[in-house]
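These protein sequence lines are chains A and B, in that order.
Quick note on the numbering used here: the first sequence kicks off at 29 and runs consecutively.
Quick note on the numbering used here: the second sequence kicks off at 1185 and runs consecutively.
Calculated from the structure, these hints are not laboratory results.
Here the structure is a predicted model, which means the values were calculated and not measured.
Where a beta carbon is used, it is the ideal one built from N, C-alpha and C, also for glycine.
Some hints here could point you the wrong way.
Restraint ranges, calculated between C-beta atoms of paired labels, are given here [stated by the list, open to error]:
| # | chain 1 | residue 1 | chain 2 | residue 2 | range |
| --- | --- | --- | --- | --- | --- |
| 1 | A | 480 | B | 1596 | 36 to 42 Å |
| 2 | B | 1494 | A | 235 | 31 to 37 Å |
| 3 | B | 1248 | A | 286 | 27 to 33 Å |
To be clear about the criterion: a stretch of chain A counts as covered by chain B if any three or more of its residues have a C-beta under 8 Å from a C-beta of chain B, and this derived list gives those stretches [to be verified]:
| # | segment |
| --- | --- |
| 4 | 94–100 |
| 5 | 293–302 |
Covered by chain A, according to a simulated footprint, are these stretches of chain B (three or more residues, beta-carbon under 8 Å) [stated by the list, open to error]:
| # | segment |
| --- | --- |
| 6 | 1258–1268 |
| 7 | 1422–1430 |
| 8 | 1460–1473 |
| 9 | 1549–1563 |
| 10 | 1593–1604 |
This is what each chain is made of:
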Amino acid sequence: MANIKNAGEQLAELLNRQQADYIEARLEESQISHITYRGKELESIGKANSIGGNVRALVNGGWGFTSFNSFTDLPNRLTLAVKQARLASGNESKLSPVAAVTDTKTVAQGSNSVNIPLAQKKQLLDEYQEVIWKTPKIQTSVIAYGDSHRKTLFLSSPGSHIEQERADITLRLTAVATEGSEVQQSGFSLGSRGDFTVMQGLHQQVADMSRRAVELLAAPRAKGGKYTVVLDPVLAGVFVHEAFGHLSESDFLYENERLREVMVLGRTFGSSELAIVDDATWPDLRGSYQYDDEGVPAHKTYLIREGKLVGRLHSRETAAKMEEPLTGNARAVNYRYPPIVRMTNTYIEPRAASFNDLIGDIKEGIYAKNWYGGTTSMEMFTFSAGEAYMIRHGKIAEAIRPVTLTGNVFDTLKNIDAIGNDLDMNQGGGCGKGDQVPLPVSNGSPHIRIRHCLVGGK
Amino acid sequence: MESILAQAQKIAEQAEVFIATSEEMPVQFEANRLKHIQSKQSSHIALRIIRNGRIGYAITTELDRSRDLIAAAVETAEFGTKAAFELPSLTLAYPQIEVFDPAVEAVPLEDMVNLGQNLIDQVRGHSPELLCDAEVTKGTVSVRILNSHGGQVAYQQSIFALGIEGQLIRDTDMLFVGEGQSSCHPLTDTRAITEVVIRQLELAQNQASLPTKSLPVIFTPNGVASALVSPLMAAFNGKTVLEGASPIGERLGEPVFDGKLHLADDPTLAYRPESRPADDEGMPSQRTPLIAEGKVASFIYDLQTAALAHTRSTGNGGRDHGGLPHPTPSAYVITPGKTTFEEMVGDIREGIVIEHLMGAGQGNILSGDFSGNVLLGYKIENGKIVGRVKDTMVSGNVYQVLNKISAIGSDARWVGSSVSTPSLYCPSVSVASKY
Chain A
29 MANIKNAGEQ LAELLNRQQA DYIEARLEES QISHITYRGK ELESIGKANS IGGNVRALVN
89 GGWGFTSFNS FTDLPNRLTL AVKQARLASG NESKLSPVAA VTDTKTVAQG SNSVNIPLAQ
149 KKQLLDEYQE VIWKTPKIQT SVIAYGDSHR KTLFLSSPGS HIEQERADIT LRLTAVATEG
209 SEVQQSGFSL GSRGDFTVMQ GLHQQVADMS RRAVELLAAP RAKGGKYTVV LDPVLAGVFV
269 HEAFGHLSES DFLYENERLR EVMVLGRTFG SSELAIVDDA TWPDLRGSYQ YDDEGVPAHK
329 TYLIREGKLV GRLHSRETAA KMEEPLTGNA RAVNYRYPPI VRMTNTYIEP RAASFNDLIG
389 DIKEGIYAKN WYGGTTSMEM FTFSAGEAYM IRHGKIAEAI RPVTLTGNVF DTLKNIDAIG
449 NDLDMNQGGG CGKGDQVPLP VSNGSPHIRI RHCLVGGK
Chain B
1185 MESILAQAQK IAEQAEVFIA TSEEMPVQFE ANRLKHIQSK QSSHIALRII RNGRIGYAIT
1245 TELDRSRDLI AAAVETAEFG TKAAFELPSL TLAYPQIEVF DPAVEAVPLE DMVNLGQNLI
1305 DQVRGHSPEL LCDAEVTKGT VSVRILNSHG GQVAYQQSIF ALGIEGQLIR DTDMLFVGEG
1365 QSSCHPLTDT RAITEVVIRQ LELAQNQASL PTKSLPVIFT PNGVASALVS PLMAAFNGKT
1425 VLEGASPIGE RLGEPVFDGK LHLADDPTLA YRPESRPADD EGMPSQRTPL IAEGKVASFI
1485 YDLQTAALAH TRSTGNGGRD HGGLPHPTPS AYVITPGKTT FEEMVGDIRE GIVIEHLMGA
1545 GQGNILSGDF SGNVLLGYKI ENGKIVGRVK DTMVSGNVYQ VLNKISAIGS DARWVGSSVS
1605 TPSLYCPSVS VASKY
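So here's chain A without its partners, still in its complex pose (with noise of 0.2 Å):
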């Protein structure tokens, strides 16, 4: 049987052998349940459990990668792996220095949630449907859990060792009522570190959801144009996660001269209320961990503070070749990808705004909750609402369909006149970047009001 603590040791003796400026090995085992319902019906629950494991090497700027889930022929994977990175080599190596580590960071006891009877989980999924399919009109649902356990070994040829466990849960749920031809959803979602009692108790919120489906079957489309919006949090963290983390990540930028000038520091993005801040290092949060995939430890960093740009997020190349310091934000989304800069737990600070203050003055405008998605392409964002109201005369007004809200992020940061004081952190959401998706993270904010929003609609 293969075992990563035994392809470790055989990687760790090897390691150093090769004829490169940096190598490293990062070896995984990881544990999965799934349980899915479309309809009435149980649709699909399973186990699933993997081993695997990659090497990455460094030649004079070239990398090579292999990634295997057959431990029979490691010597050579790691030769190739050094023979691709020669082949793709032509530049000087660069990478900031990290102290060699040696560690071992468990998950806390209890919290693998893998290991719950799948009878526990699907009993409590089977009352949710109960309270979805009480609704009347609703024509279908769609519920999905999903937890897993993966333990990570790391190994580089300065020396490091370092173990790390991480479990992950996730819950969504739909509702989709119909009538006549029309469809309407409506959906929320929920994430933890394997901490299974956060699904537990949602009773009420799914009783919500499925009203809120029905409810969006009367509703109109919003006209298209410019509004004042004022975001919930939830739709906030996905605003800030899309309209600003992603050029956060110097990945983009460390060879892109024109975007560097863009995107100087010290240049003013916002108005001096604004901070944005990634933190993996916030206790229990799921884009939290103690190192990197690089094994650089967890860092705090501001992005944004007093409305300027004053940082970002980095990988040990990025760092280096850009002279800043390092983050510690290299990941990888499994062993079957080389680590690149990604975020972590990303969020606007709280400010002294309560919710009243931010719609008060507001004569026609939009509020927009929960979220469906988002995308960007850098410059420009689009995130979509999973609930959206008119507010009109500083009250919240009739439902109306959901929205697609879209901004610039040379324009948007600025145009958020109004922070409130209630952060919240969503932990619903993963984030895709090139193939690597679903990455476990969290986005957060306090309500926010942005002026002049671009909204799609009839």
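Start from chain A and add chain B according to the hints.
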């Protein structure tokens, strides 16, 4: 594999073993330079059983842990869905579909590096300030399926892909262009890709703005794929139909779309990456017409969904992400028409060309609504493309947009590996701009 099946048959009425192994080698260029060379090996084995009438399922990457695999499948079968289907006998007559070319594996790494460099050199020959990422990938996949009804399905597939993305940054204005192609043959014609990118660069040279109102629209093949395809994939999925959540589920045979529109799911095209002789449950591949002369012609099914819907599988049982088979499209092919792209543009006094609508698939796609930011698109003025539009939202509903199509293009091409479509010219979408 045979031994896992034999052991599973002892504890279950029906059993099926699915094994897939793959080797993939991506060569990646970043910021105009060769940066990463990777090789990725992976394999997994999945066991599906029907025990006491219920479906059990487990999957592992460890081929030597068959006992754990069987135990996990048995545990899940206790709660599993009631099986409505019988596994097929894997001795059926499978169509001959060519998806393997040994020449792919033989392409030397040096040639792959040269192809990537050519892609970058060609587009930068046109626009020297363009910053490019490029990827050249070759790979092989082997699939084998056995089940308790006897016989087996086994095939090998080769995949080769070329792609390039470029960005042009002028202060805070950013332009993104890109194109890619894939095949089961080695690809060598980099010009076919870079010409598309160069045309995007030329059309986007000037900027133009549109008013907030309803305007005629041309979706290019990329535009069709980014804005219209995902709602259709949801609506034609037999599972969505069975649940009553598809807006066209009750309209089989009815003219929901414009009479000029033909759409099929087609995994039988030779040397296409989405083609295969059988689906992931061992059902023979077939071409399934979904829209014929604008009428809803069929939906796509796997075995279980088909049995519940009292119809037959269309050979669309897919196992993405290693889960249980479910209805999965292979390749969506829209039949080309006779109108050239230039003729479409020439017909429009004021309108928009959509090449990439960002975020369009993130709303309530079941209803057919789409809404996104025009990441790449152009303004048409008096029959000519006058420049790129930005900071603009386009919204519509797939069923309204495709109900009345002014013209279907003669310019059909593959977008990624799973959509082949011409340009579509439609009378109206709703445009919202910040101007």
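Structure-based check of each hint:
{"no.": "1", "hint": "A:480 / B:1596: 36 to 42 Å", "verdict": "holds, 41 Å"}
{"no.": "2", "hint": "B:1494 / A:235: 31 to 37 Å", "verdict": "holds, 34 Å"}
{"no.": "3", "hint": "B:1248 / A:286: 27 to 33 Å", "verdict": "violated, 52 Å"}
{"no.": "4", "hint": "94–100", "verdict": "holds (count 5)"}
{"no.": "5", "hint": "293–302", "verdict": "violated (count 0)"}
{"no.": "6", "hint": "1258–1268", "verdict": "holds (count 6)"}
{"no.": "7", "hint": "1422–1430", "verdict": "holds (count 6)"}
{"no.": "8", "hint": "1460–1473", "verdict": "violated (count 0)"}
{"no.": "9", "hint": "1549–1563", "verdict": "holds (count 7)"}
{"no.": "10", "hint": "1593–1604", "verdict": "violated (count 0)"}
In terms of the numbered hints stated before, the structure departs from hints 3, 5, 8 and 10, listed from lowest to highest.
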